[in-house]
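S.K.: One letter stands for each residue in the lines below.
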Amino acid sequence: MILNIVIILGFQLAGETLVRGLGLSLPGPVLGLAGLFVTFLLFPAVARMVSSTAQGLLAHLSMLFVPAGVGVVQHLSIMESEGLGLLLAVLASTTLALIVGAFTFVGVARLTEGPKEAKQ
Amino acid sequence: MTALPDIWTYLAKGPLLWLTMTLLAYVIGDAIFRRFNRAPYANPVMIATILVSALLLITGTPYHTYFEGAQFVHFMLGPATVSLAVPLYANRVHIRRALIPMLAALVAGSLTAVLVAIAVGMMMGLDHTTLVSLAPKSTTAPVAIGISEKVGGLPTLTAVLVLITGILGAIVVTPTFNALGLTDWRARGFATGVAAHGVGTARALQINETAGAFAGIGMGLNALLTAVIVPYIVTWLL
Chain V
1 MILNIVIILG FQLAGETLVR GLGLSLPGPV LGLAGLFVTF LLFPAVARMV
51 SSTAQGLLAH LSMLFVPAGV GVVQHLSIME SEGLGLLLAV LASTTLALIV
101 GAFTFVGVAR LTEGPKEAKQ
Chain G
1001 MTALPDIWTY LAKGPLLWLT MTLLAYVIGD AIFRRFNRAP YANPVMIATI
1051 LVSALLLITG TPYHTYFEGA QFVHFMLGPA TVSLAVPLYA NRVHIRRALI
1101 PMLAALVAGS LTAVLVAIAV GMMMGLDHTT LVSLAPKSTT APVAIGISEK
1151 VGGLPTLTAV LVLITGILGA IVVTPTFNAL GLTDWRARGF ATGVAAHGVG
1201 TARALQINET AGAFAGIGMG LNALLTAVIV PYIVTWLL
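The listed protein sequences correspond, in order, to chains V and G.
Those letters in the first sequence? Residues 1 to 120, by my numbering.
Those letters in the second sequence? Residues 1001 to 1238, by my numbering.
Looking at chain V on its own, in the form it has when it is part of the complex (with noise of 0.2 Å):
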């Protein structure tokens, strides 16, 4: 349990030591995660020691996003001249953006694999 974190936190840290040294513009944790997932590729056994550690923190990551949406409080005059362009901004890059990536799924799909699989 202790070990598990201390490999989540690891890579956290060798992520943002990177980011920080390279200058590089991605965060840390996404650094770690690709750090991560390369590891379990070559050594499976750790994605089978971790993944009950992970699944555990993964199980409640919808609160972990309270704190930061409280941060509203702060900018309740930017929502108030501003919200009404966001939420149409919002609303439309995010209906388009789950059309535009479904079909080009489907599209894709039907010349990768053939129709009949892509029916599936």
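In case anyone wonders, no lab produced these hints; they're calculated from the structure.
Fair warning: there could be bad hints in the mix.
Unchecked claim - To give an idea of the chain G side of the interface with chain V (calculated C-beta under 8 Å), a few residues:
#: 1; residue: Leu1024
#: 2; residue: Ala1080
#: 3; residue: Ile1100
What the hints assert, rightly or not - Footprint (simulated), chain G over chain V, 3 or more residues, beta carbon under 8 Å:
#: 4; segment: 43 to 51
#: 5; segment: 59 to 72
#: 6; segment: 89 to 103
Ideal Cβ positions, reconstructed from N, Cα and C, are used throughout, including at glycine.
Guided by the hints, dock chain G onto chain V, whose structure is given.
M.R.: Frame of chain V; chain G shown alone:
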């Protein structure tokens, strides 16, 4: 005996009160969510956020005081992001089998989400900082917050926009795909994970298991792609 206002003054300064309130608000939000049969509009994070925000406004507590308690919860976002490697690894067979359609849909969906949001935002005359905070909103919150910090946005505004994206996505996804006659659960799920991250993934899992698995992959892959493309898009366009 100490008067109640004095006790409040003491507690409101330390981390214990606001840590407890954050967890309690989520427990209440989750109970309401279950009571409403997990309807997407009764999102537990949204309810908890509204409850805590209202409490801060009523008691006149500044956000930084609140955050001293809530930072313990907030800190867990980093390790949780790293932990996304586990579901990604568990789905590696799915990933390998549908790799090309997924990569194509990932790039198309992710770019659409970022570019359309910026375009509509510009047309609506949004402020520069607001646009930068808006750009990463389709990816999972810990990653979006990290990107927003990196590119000069307001991380807390990004967090709220991520939440709104997930909730709106979860509400529109099923009616939209049904209206378009889209029957491939892999495509429906994957696009949902790309466009509406974890909240969309949770919604996809409720509707169809395959859609849920592919949504999880879409969310994980878009965490990586958004982190790479948004800094460039922000530099070029904004």
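S.K.: Compare the structure with each hint and give your call.
M.R.: Evaluation of the provided hints:
Of the supplied interface hints, the one on G:Leu1024 is violated, with its beta-carbon coming no nearer than about 11 Å to a beta-carbon of chain V, more than 8 Å. For G:Ala1080, the suggested interface contact is upheld, since its CB lies about 5 Å from the closest CB of chain V, less than 8 Å. Below 8 Å, beta-carbon pairs count as interface contacts, and G:Ile1100 has one with chain V at about 5 Å; its hint therefore holds. Only residues whose beta carbon comes within less than 8 Å of a beta carbon in chain G count, and the segment 43 to 51 of chain V has 3; three or more means the coverage holds.
Under the rule that three or more residues need a Cβ within less than 8 Å of chain G, the assignment of the segment 59 to 72 of chain V holds, with 12 such residues. Counting residues of the segment 89 to 103 of chain V whose CB falls under 8 Å from any CB of chain G gives 15; the rule of at least 3 is met.
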